[in-house]
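> Each chain, letter by letter, is given below.
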Amino acid sequence: ETGVTQTPRHLVMGMTNKKSLKCEQHLGHNAMYWYKQSAKKPLELMFVYSLEERVENNSVPSRFSPECPNSSHLFLHLHTLQPEDSALYLCASSQGRLWYTGELFFGEGSRLTVL
Amino acid sequence: SQQGEEDPQALSIQEGENATMNCSYKTSINNLQWYRQNSGRGLVHLILIRSNEREKHSGRLRVTLDTSKKSSSLLITASRAADTASYFCARSLNNTDKLIFGTGTRLQVFP
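Heads up: the sequence lines are chains A and B, in that order. Each residue of the first sequence is one higher than the last, beginning at 1 in the numbering used here. Each residue of the second sequence is one higher than the last, beginning at 1001 in the numbering used here.
None of these hints come from the bench; they were simulated from the model. Just so you know, not all the hints are guaranteed correct.
[Stated by the list, open to error] DSS-like mimics (lysine-lysine), calculated; alpha carbons at most 30 Å apart, straight line: (1) B:Lys1098 - B:Lys1069; (2) A:Lys41 - B:Lys1070; (3) B:Lys1098 - A:Lys41; (4) A:Lys41 - B:Lys1069; (5) B:Lys1069 - A:Lys40.
All values reported here derive from a predicted model rather than from experimental measurement.
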């Protein structure tokens, strides 16, 4: 098993659909993250969970809803998205709180296209 | 803005040449990290340098940090075609869980 696994790798959805992105880490880490990567823009931090508690919510629209049922799994629930939400969504994990441990381990990303 | 600038935005070199990428930032940092991303894939951590360090090496990679100038550089020596990728610097801010990424440098190494 690779360290951080994201499914699906590709997703096409209409603006009225509801879908979810899944992330699973096999590294025994305590913190998990969602980042959004759009063309020609820096990676945008969306959410941070530490020990299953949300510790950062970076002004993300409510049409994105994260869920962290345990320290190994992270979901991003999507509903009524807009075409500008099309992007590569990256999940990452870290051993502990970032300011202490430093390094992020990323998954391969889920490429989302909103029609 | 907490985000910094990386330059150049794109760099094309021949195999065997060295590649230097620069990163500048505006706020105090806990540490600075460099990541690599192959097209359409996830990011891979390369090296972390703490705010009290000035230089670190890892294989063909050399990272420097100048906190007085709020800048860092990544040097890849003896580049290979397989080094073709985008390279990002990321700043870890003091006592936060935020890792702030730049827009990256796209490196193309021609065989």
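> Given the proposed pairing of Lys1098 (chain B) with Lys41 (chain A), does the C-alpha separation stay at or below 30 Å?
holds, 17 Å
> Are the Cα atoms of Lys1069 (chain B) and Lys40 (chain A) separated by 30 Å or less?
holds, 26 Å
> Tell me if the straight-line CA distance from Lys1098 (chain B) to Lys1069 (chain B) falls inside 30 Å.
holds, 22 Å
> Hint check: Lys41 (chain A) vs Lys1070 (chain B), CA-CA at most 30 Å. Holds or violated?
Measuring from Cα to Cα gives roughly 21 Å; hence the hint holds.
> Between Lys41 (chain A) and Lys1069 (chain B), is the straight-line Cα distance small enough, at 30 Å or below?
holds, 24 Å
When held up to the earlier numbered hints, the structure conflicts with none and fits them all.
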